[in-house]
Structure formats: C-alpha cells, structure tokens
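Chemist: Let the sequences and hints guide you as you build the complete structure.
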Amino acid sequence: MTITTATAAETTTTTTTSIPPIVSADAIRLGSGRTLRFEGRDHGAAVSYFSVDNEPGQGPGLHRHPYPETWIVLEGEVRITIDEQEFVATAGDTATAPANTWHRFVAIGTSRLRMVCIHASDVIVQEFAE
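In case it helps, the working numbering puts the sequence shown at residues 1 to 130.
No lab work stands behind these hints: they were computed from the structure. Values in this document were obtained by computation on a predicted structure and should not be read as measured data. Glycine included, each C-beta is placed from N, C-alpha and C at the ideal position. Treat the hints with care, since some could be wrong.
[Claimed, not checked] Computed beta-carbon distance windows for the label pairs:
| # | residue 1 | residue 2 | range |
| --- | --- | --- | --- |
| 1 | Ala27 | Glu75 | 19 to 25 Å |
| 2 | Thr90 | Ala27 | 29 to 35 Å |
| 3 | Thr90 | His43 | 26 to 32 Å |
Modeler: This is the structure:
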C-alpha cells in the first residue's frame, strides 16, 4: 500500500509492506509426521522454529547450532541434554541451549511431547554429531 500526503510545503510518499499471509501447518509439515519446520527467511521473520509433537522416546540426535535455541514445553515431559548436563522440563517450562553447544532432547513419560523449539536465526542451521 502506498500513502501520499501533501501539504503546502512538501509532498511525502510512504510505502508500507503488507502483512504476510498465514502460513498453514500443512505448508511447513515435515513429511507425513506431526512436526512443523518454519524458516523465518521464507516468511519475512527474523526467527525460525520447530513445532514438535513427539511420542515418548522420540527426539533428535545430538546436534548444535551457531546461535542459541530456546525450547518452550507446551505439553508432556522432556529430558534435555546440553553438553554433559541433563535437565527434565514439563509443561510451562522454558530452557535455552547457548550457541555452539551440543544438545538433544527426548520425550519421556507416558504422554506425547508438544514443544516449540525457537531458533534465533532466520534459517535453521544444524550440525549433527553423527
């Protein structure tokens, strides 16, 4: 949208960007699973995320990123390993792995894990240990 305003002294034209459309879950779903992968660069955002919905025992292998990763546990229970330290988080908890630290998580307990994994980058960069 372009807005032009005029006064006796000057004319100003301001261009505003439109709000990006809603990103449907199906557009960012990984395969036929329940996990979503949103990369901000594709949608005009400065952050990226995974929306995880895992069964007990599921989780990614040991990996790291050149930026911090923050987890918000929405439902269930998760064991998070950051370097050599292990933590257990439950619904409502937040945890952060610093940049360049090896980390992983696995759903524990008896119910599914729902968690948002926020990447402080407009693209997701992952290096796996194996």
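Chemist: Now look at each hint and say whether the structure bears it out.
Modeler: Checked hints:
1. Ala27 to Glu75: 19 to 25 Å: Taking Cβ atoms as reference, Ala27 and Glu75 lie about 23 Å apart, which means the hint holds.
2. Thr90 to Ala27: 29 to 35 Å: Holds, at about 30 Å.
3. Thr90 to His43: 26 to 32 Å: holds (30 Å)
Of the numbered hints listed earlier, not one is contradicted by the structure.
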